[in-house]
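So you can see what is in the structure, the chains are spelled out below.
Protein chains: 4
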Amino acid sequence: MSEGIGVSSSATGAGDAPEIGVGMLGYAFMGKAHANGYKKVSYMAWPPPLQPRLVSIAGRDEAAVAEAARRYGFERYATDWRDVVADPDVQLLDNSGPNNLHFEPTLAAAEAGKHVFCEKPLGRTADESYDLWQRVAATGVQHMTAFNYRFVPAVRLARQMIEAGELGEILHFRGRYLQEWGTTDADVWRFHAADAGTGAIGDLGAHVIDLARYLVGEITSISASVRTFIPGREVDDAFEAVAEFDGQAVGTIEATRFAAGRKNGFCWEINGTGGSLAFDLERLNELQHSEGTKGFRTINVTEPDHPFAQWWWPAGHIIGYEHTFVHEIQHLLAAIAGEHGVAPHGATFEDGYRAAEVCDAIVRSAASGRREAVSYRS
Amino acid sequence: MSEGIGVSSSATGAGDAPEIGVGMLGYAFMGKAHANGYKKVSYMAWPPPLQPRLVSIAGRDEAAVAEAARRYGFERYATDWRDVVADPDVQLLDNSGPNNLHFEPTLAAAEAGKHVFCEKPLGRTADESYDLWQRVAATGVQHMTAFNYRFVPAVRLARQMIEAGELGEILHFRGRYLQEWGTTDADVWRFHAADAGTGAIGDLGAHVIDLARYLVGEITSISASVRTFIPGREVDDAFEAVAEFDGQAVGTIEATRFAAGRKNGFCWEINGTGGSLAFDLERLNELQHSEGTKGFRTINVTEPDHPFAQWWWPAGHIIGYEHTFVHEIQHLLAAIAGEHGVAPHGATFEDGYRAAEVCDAIVRSAASGRREAVSYRS
Amino acid sequence: MSEGIGVSSSATGAGDAPEIGVGMLGYAFMGKAHANGYKKVSYMAWPPPLQPRLVSIAGRDEAAVAEAARRYGFERYATDWRDVVADPDVQLLDNSGPNNLHFEPTLAAAEAGKHVFCEKPLGRTADESYDLWQRVAATGVQHMTAFNYRFVPAVRLARQMIEAGELGEILHFRGRYLQEWGTTDADVWRFHAADAGTGAIGDLGAHVIDLARYLVGEITSISASVRTFIPGREVDDAFEAVAEFDGQAVGTIEATRFAAGRKNGFCWEINGTGGSLAFDLERLNELQHSEGTKGFRTINVTEPDHPFAQWWWPAGHIIGYEHTFVHEIQHLLAAIAGEHGVAPHGATFEDGYRAAEVCDAIVRSAASGRREAVSYRS
Amino acid sequence: MSEGIGVSSSATGAGDAPEIGVGMLGYAFMGKAHANGYKKVSYMAWPPPLQPRLVSIAGRDEAAVAEAARRYGFERYATDWRDVVADPDVQLLDNSGPNNLHFEPTLAAAEAGKHVFCEKPLGRTADESYDLWQRVAATGVQHMTAFNYRFVPAVRLARQMIEAGELGEILHFRGRYLQEWGTTDADVWRFHAADAGTGAIGDLGAHVIDLARYLVGEITSISASVRTFIPGREVDDAFEAVAEFDGQAVGTIEATRFAAGRKNGFCWEINGTGGSLAFDLERLNELQHSEGTKGFRTINVTEPDHPFAQWWWPAGHIIGYEHTFVHEIQHLLAAIAGEHGVAPHGATFEDGYRAAEVCDAIVRSAASGRREAVSYRS
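Protein chains in written order, with this note's numbering: chain B, 1 to 378; chain F, 1 to 378; chain E, 1 to 378; chain A, 1 to 378.
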C-alpha cells in the first residue's frame with residue numbers, strides 16, 4: 001500500500017467502542033425511529049460510547065419483520081419476541097411495541113440480564129408500571145423509558161436555564177399536546193383499551209406530564225375532565241387538567257386528538273418570577289425566552305454551545321424529530337457504558353411509573369369529579 | 001356667501017343624529033378609554049345612531065376630575081356620583097369606576113330611568129351581579145356590561161364563522177389571559193378584596209369566560225385551582241380551570257398576573273370538527289383559521305367586508321385596543337336608538353351575571369376541591 | 001353651585017392651549033386620517049401644544065365636502081381650495097389632496113403666511129419638490145411632509161436605539177412595501193401620470209426611502225428596475241432597487257402593488273455590527289431586535305417608557321395605524337408653538353424633496369440601465 | 001432454525017438494490033452531510049435505487065481523513081484524491097471539497113467514467129463552470145451540482161404548485177440569504193479568492209440564484225452592488241442585486257454574512273397573479289401560501305402526500321437540514337439507475353454553470369455600475 005492510502009480500521013463506522021447487541025420489538029413508527037437512532041448514533045454522536053450491533057428484531061408478521069430486518073440491517077428476525085429476548089447476542093432490548101407488550105417482554109429481558117429501553121407509556125396503568133419498575137430495578141440492569149422529548153435540544157436548554165436559576169421560582173406550567181388525526185376510522189391498536197390502556201392520556205398526555213416533571217417538579221394533584229368524542233371508541237380522545245405542583249406552581253395539562261390544524265402541537269410555557277420560556281414541537285429548534293419581562297426572544301437552539309449541537313451542523317442548520325432518538329440512545333449507551341446514570345436526564349422506569357400515576361389521577365379525577373391527590377410509591 | 005362655500009350644518013361633527021347626554025363615573029384607564037370612544041363614535045362610526053353629548057363626569061378628587069372634564073370635553077364634573085345620576089341632561093350612565101362602585105350608582109341611574117353601561121366584572125360576586133341585573137332589568141332601561149373584546153373585529157368574525165357552521169361542532173375551547181404586572185408593590189384597588197371582589201378571576205378571567213360563552217356556549221362545570229403568590233395580598237393572582245360546556249365541548253380557562261413577558265396575552269383557541277380558530281389580543285387584527293386540517297391561515301381582519309371595517313381604513317391598516325370601545329359604544333347607542341337589541345352581540349347585564357356565576361364557581365371549586373356545577377338563575 | 005360640582009373650563013376639550021385654525025384640502029382616505037388626528041390630539045396627547053380649530057375643508061364635490069365638514073366638525077367648507085387658503089381664520093393648511101394638488105395650494109398658503117403640512121410625495125418630481133421646498137422655506141412658515149411612519153412608536157424606538165449606538169455601524173437596510181390591490185380596474189387618480197407622477201414609486205417607495213434616510217442616512221446611488229404589469233396603465237406598478245448609502249451600508253428598496261396576500265406589508269430590516277432590527281407595518285406595535293447575534297426578541301412597543309406611550313394605554317394594549325397621525329400632528333403643533341423644530345423627527349419639505357430625488361433616480365436608473373448617483377441640491 | 005426466525009437476507013440494510021461504490025473528496029461540513037446522506041438513503045428512502053458502498057475518502061490530513069473513514073465507514077482513505085478517482089471500486093465521485101478542488105478531480109473522475117456529484121458553486125467563475133460542464137457532459141456520465149435546497153420538501157411543493165398554475169403568472173421573486181458569521185477572524189478557505197472564487201456570492205448567492213431559476217425561470221439581467229466589509233478580506237462579504245427574469249418578473253437577490261441575528265436566513269417570497277408563496281430555511285418544514293389575496297396559510301410540509309414525506313414520519317414530525325441531502329442523493333442514485341434524469345429536479349452541471357453566469361454578472365455589474373445582461377452559452 002502506497003503512503004497516504006489506508007485501509008479503514010473499521011468498515012462499520014464503529015470506531016473503537018465495544019459493541020452492544022441490540023434486540024428490538026416492533027418495526028412500525030417507533031421501531032423505525034429507534035432503528036434510525038441506533039444507526040446514526042454510531043457515526044454522528046461520534047465517538048459513540050458503545051457501538052450498537054443490530055442483532056435481531058421481532059414482529060408478528062413474518063414477511064413484514066423480515067423486510068424490516070433487511071431494511072434496517074438486523075442480522076436476524078423473529079416472529080416471537082421470546083426469541084429475541086433469549087438471543088445470546090442481545091444485551092439490550094429495545095421495546096418499541098404497543099403498550100400491551102411493554103410489560104412481559106421488558107421484564108423477561110431484564111430478568112435475563114439485558115438492559116431495557118421501553119417506549120412510553122411504560123405500562124397501561126400505574127400499577128402495571130410500578131410493578132415493571134420494581135421488578136426490573138431489582139435485576140440491576142439499566143432501564144430507560146422513551147420520553148424522547150427530554151432530548152430535544154431546546155428542552156435540555158430549558159432545563160439548564162431553569163437549573164441555573166434564570167427563571168427564578170416557577171409559578172406556572174401550561175402544557176398541551178394537540179393532534180388532529182382522531183377523526184380517522186382506521187382501527188388501530190391505539191383505540192383499543194386492552195392494547196393501549198388509555199388514548200390521548202397515555203399517548204400524548206404522558207409526554208406533557210414527563211416534561212412538566214423534568215422542567216418544573218412533581219405534580220401533587222390533578223383536576224380533570226376527559227372526553228371520548230367518537231361514540232363506541234374504547235379510549236379517551238382528549239382530556240383537560242389542572243395540575244398543582246410541589247411548591248406553589250400551578251398550571252394546565254391538556255391533550256387531544258381533535259385539534260384540527262394542529263399536526264403535532266406539543267406546546268408548553270413556563271412562567272417564573274425571573275422570566276418565561278415557551279416551546280412548540282412543530283418548531284423544535286426554537287426556544288422562546290423572556291428574560292424577566294423584556295419580551296420573548298427566539299433562540300435558534302443550533303449554536304455550537306447548545307445541547308447536542310456538537311454532533312450536528314453549524315448554527316441555523318436545523319435538526320428534526322428523529323434526532324431526539326439519536327440523543328436519547330446515545331444517552332442510554334453512555335449510561336450502560338458507565339459514563340453517567342440514566343437519571344436525571346434520561347427517564348428511568350421510575351419516571352415512567354410516576355408519569356403513569358399522574359395519568360391514573362386524570363382518569364380518577366374525571367370519574368370522581370374531585371381534585372385527586374397524586375401520591376407516588378417508592 | 002359665494003357659490004361653493006358653505007357653513008357646516010354642524011360644528012360638532014354630530015350629523016343629524018339626536019343627542020344623548022352621557023354621564024360618566026371614573027376617569028382613569030377605563031374612563032379614558034370610554035371617553036375616547038364617545039368622542040370618536042360621532043365621526044368615525046358615521047353616521048352615529050345617536051350623538052353623544054358629554055355632560056358630566058364624576059370622581060372623588062376634585063382637581064383630577066376637573067382636569068378630566070377639561071381634557072375630554074365634559075360640560076361639568078362632580079365629586080359625588082349622585083350629582084351625575086341626578087343630572088337631568090344625563091340619559092346614559094357610563095360606569096367606568098372600580099368594582100365596588102358598580103352596584104349602587106348603576107342601580108340608581110337605572111331607577112332614575114337612565115340607560116346604563118357598566119364595566120366588568122358587573123358585580124364582585126354572582127349574588128351582587130344577579131341582584132343588579134334583576135333590579136336594572138325591572139326598570140326597562142338598556143343595560144350593557146363592558147365586555148369590549150366581543151367588539152374586536154376578529155372576535156366578531158370568529159362568531160360569524162362559527163354561526164355559519166365553518167367550525168362544525170365545537171369540541172375544545174382553550175382560553176388564557178396572561179399579564180405580568182402582578183409583581184408590582186403599588187397599592188391599587190385591584191388588590192383589595194372589598195373593592196375588587198377577586199383579582200385575576202374577575203379582572204382577566206371574566207373576559208375569557210365571556211368570550212367562551214359568546215363563541216362556544218354555556219359553561220356547565222368548573223374544576224379550578226387558585227393561587228395568591230404575594231403573601232398578604234387579599235385577592236387571587238392566578239387561577240387555572242377546566243371548563244365543561246353544554247354539549248360535549250371541554251377546555252381550559254386560565255388567567256394570571258404573573259406571566260413574565262406576556263403584556264396583555266389574551267389568547268384563545270377553538271377546535272371544532274370542521275376546523276379551528278386561534279387569536280391573540282396582542283395581535284388583535286389577526287385571526288388564525290384552519291379550514292379543516294389544512295393548517296392555520298392568518299386572516300388580517302381589516303378588509304372591507306370584515307366586521308367594523310367600514311368605519312376605518314383600507315385593508316392592512318390596523319386598528320388598536322381603543323377601537324373596541326368605539327364599536328361597543330356604537331352598538332349601545334344603536335340599541336338605545338332602537339336599531340337592534342343589546343343582545344346577542346353586546347353583553348347584557350344577564351351576560352355580566354352569568355360570567356360572575358362562573359367566576360364564583362372558580363372560587364368555589366378551588367376551595368372545595370370538586371368539580372363545581374354552574375347553574376344560572378333566570 | 002354646590003361644592004364638588006363644577007362647570008368645565010372648556011367644553012371643547014381644548015385645555016388652555018391657544019387655538020390654531022386648520023384648513024384642509026381633501027376628505028378621502030388621507031383627509032379622514034388627518035381629521036381624526038386633529039380631533040384626537042386635543043385630548044389624547046394631553047395637554048396639546050395648540051388646540052386645533054377645524055375651520056374649513058375644501059373639495060370639488062360640494063355634497064361630499066359638505067358631508068365631510070359635518071362629519072368631522074369643520075365650521076365651513078369650500079369647493080375651491082383658494083377659499084380655504086384665503087380664510088383669515090386658517091393658520092395651518094393641511095394638504096391631504098392628490099399629488100397634482102400639492103404644489104400650488106401649499107405654496108399659496110405659505111405665501112399667505114400659513115404653516116403647511118403636505119401629504120407625500122411632496123411633488124411629482126424632484127424638480128417640483130425642490131421648487132416647492134425652496135419657495136416655502138423662503139416664506140418662513142413651518143413646513144412638514146406627511147411621512148407618518150416616522151411616528152410609529154417602533155420606528156421612533158429604532159431611531160433611538162440606533163442613535164444610542166446599539167446597532168454599531170450599519171451595514172444593511174432591506175426595505176420593501178408590499179400591497180396587492182394593483183389588480184383593481186378602478187380608475188383612480190393614483191393610476192394617472194399627470195395626477196400622481198409615479199405609481200408604486202411615489203406612493204409606497206417614498207415611505208421606504210424616507211425611513212431609510214431617517215434610520216440609516218443619505219442614499220448615494222440607486223440601481224433599479226421598474227415594471228408596469230397592467231398594459232396601458234400610465235404609472236409603474238412595482239420597482240426593485242439596490243441602494244448605496246453614505247458610508248459602506250448597502251441594501252434594497254422595493255415596492256409593489258402586486259404582492260398577493262400582503263395587505264400593507266411595509267417591512268424593513270437593518271443589520272449593523274452590533275445587532276439588527278426588523279419591523280412589519282402589519283404588526284406595527286412590535287419591533288424585532290437582535291442584540292448582537294443573540295437572536296430576535298419581540299419588543300411590544302407599548303410600555304410606559306416607549307415613545308408616545310404616555311398618551312395611550314397600559315403595556316400590551318396596542319395602537320393602530322391612525323395613531324401615527326396623532327403623533328405627527330402633535331409634533332407639528334409643538335413645532336409651530338416653538339417647542340422644537342420640525343426636524344429631525346418630522347420630515348421637513350427638504351426631506352420631502354430628498355425622497356423625491358431618490359424616486360427620480362429609480363426612474364432614471366430603470367431607463368438608463370445604470371447605477372445612478374443621487375445628488376441633492378441645497 | 002425454528003419457524004419464525006430468520007437470517008436477514010442482508011446485514012447491511014441494502015435490500016436487493018445493486019451496489020454503487022462511492023468515493024468522496026472532503027470530510028468537513030459538506031463531507032459529513034453527504035456521508036450521512038449515503039448512509040441514511042439505504043434504509044430511509046426505502047427501497048433505495050442503488051445501495052451506496054462507501055469505498056474511499058480523500059483528504060490531505062492523513063490522521064483526519066483516517067478518522068473520517070472510521071467514523072463514516074469508508075473502507076479506505078487516501079491523502080491524494082487521484083487515488084480515489086483511480087479506485088476501480090468507485091463508480092461515483094462525490095466532490096465535497098473546497099471550490100478550488102471542484103474542477104480537476106471532478107473532470108478526472110468523469111473522464112474515468114465515474115458519475116460525478118459536485119458541491120456548489122460548480123466552479124469559481126462562469127468560464128471554469130462552463131468548461132467543466134462541457135467536458136463532463138461529453139463523457140456521458142451522470143452529473144449533478146449539489147444545490148440541495150431544491151430537495152427541501154417545501155421547495156419541491158412550491159415547484160409543484162407553480163407548475164400546476166396555482167400562482168398564475170409570476171411577477172416577483174424576492175430572495176435573500178442572511179448569515180452572521182462574517183465577523184469571524186478565522187482564516188478559512190472561504191475567505192481566499194484563489195480557493196473560493198467569491199465570498200457570499202458563490203457560497204450563499206448561488207443557492208438563491210438556483211432556487212430563483214428552479215421556481216421562476218431564467219434570469220436575464222442583474223444590477224448589483226457588492227461589499228467587502230472587512231478590510232483586506234479577498235472576497236465579498238455581501239451583495240445586493242436586482243434581477244430581471246424571462247417574461248416580466250422582477251425581483252431582488254441578496255446575500256450577506258453580516259446580518260446579526262440571522263443564523264441561516266435563506267428566505268424567499270414569490271408573488272404571482274394567482275397568489276404568493278414564502279419560505280424561510282430556519283423553518284424549513286413550513287411553506288407560507290396565500291391563495292389569491294386570502295392571506296398566508298402555514299403549510300406544515302410533513303403530511304403523507306407532501307414531497308419526500310413517504311420516507312419519514314407522521315404529519316407534524318419535522319425533518320431537518322440534513323434530510324435535503326438524503327433526498328438529493330436518492331435522486332442522483334435513481335438517475336444513475338435509469339429511473340429518471342437528473343433534470344429537472346436535480347441541478348445538472350448545466351444548472352451549476354448557469355448559476356455561475358449570474359454570479360459573474362453580479363461581480364460585473366458591481367464593477368461596471370450597469371445593468372448587466374446575462375447570456376448563457378449552450
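Derived from the structure by calculation, the hints contain no laboratory data. The structure presented is a predicted model; accordingly, all values stated were derived computationally and were not measured. Don't take every hint at face value.
Copies of one chain are not kept apart here, so a pair can be met inside one copy or by any two copies together.
Said to hold, decoys possible - Within a straight-line C-alpha distance of at most 20 Å, the following computed SDA-like cross-link-like pairs (lysine to any residue) qualify: (1) Lys294 to Ile5; (2) Lys294 to Ala112; (3) Lys294 to Thr273; (4) Lys294 to Gly113; (5) Lys294 to Glu169; (6) Lys294 to Thr183; (7) Lys294 to Asp83.
Identical-chain pair category, Lys294 with Asp83, by Cα at 20 Å
neither (58 Å within a copy, 45 Å between copies)
Indicate which option fits the pair Lys294, Thr183 if close means a Cα-Cα distance not exceeding 20 Å: within, between, both or neither.
between (41 Å within a copy, 14 Å between copies)
For Lys294 vs Glu169, is the C-alpha pair at or below 20 Å within one copy, between two copies, both, or neither?
Within one copy, since 17 Å is at most 20 Å while 24 Å is not.
Within a copy, between copies, both or neither: which one fits Lys294 and Ile5 at a CA-CA cutoff of 20 Å?
neither (57 Å within a copy, 44 Å between copies)
Tell me, please, which holds for Lys294 and Thr273 at an alpha-carbon limit of 20 Å: within, between, both or neither?
within (13 Å within a copy, 22 Å between copies)
My question is about Lys294 and Ala112: at a cut-off of 20 Å on alpha-carbon distance, are they close within one copy, between copies, both, or neither?
Answer is neither: 55 Å inside a copy and 49 Å across each miss the 20 Å cutoff.
With identical chains treated as interchangeable, where does the CA-CA distance between Lys294 and Gly113 reach 20 Å or less: within a copy, between copies, both, or neither?
Neither. Shortest intra-copy (52 Å) and inter-copy (48 Å) distances fail the 20 Å Cα cut-off.
Hint compliance for this structure: hints 1, 2, 4 and 7 are not met, and every other hint is.
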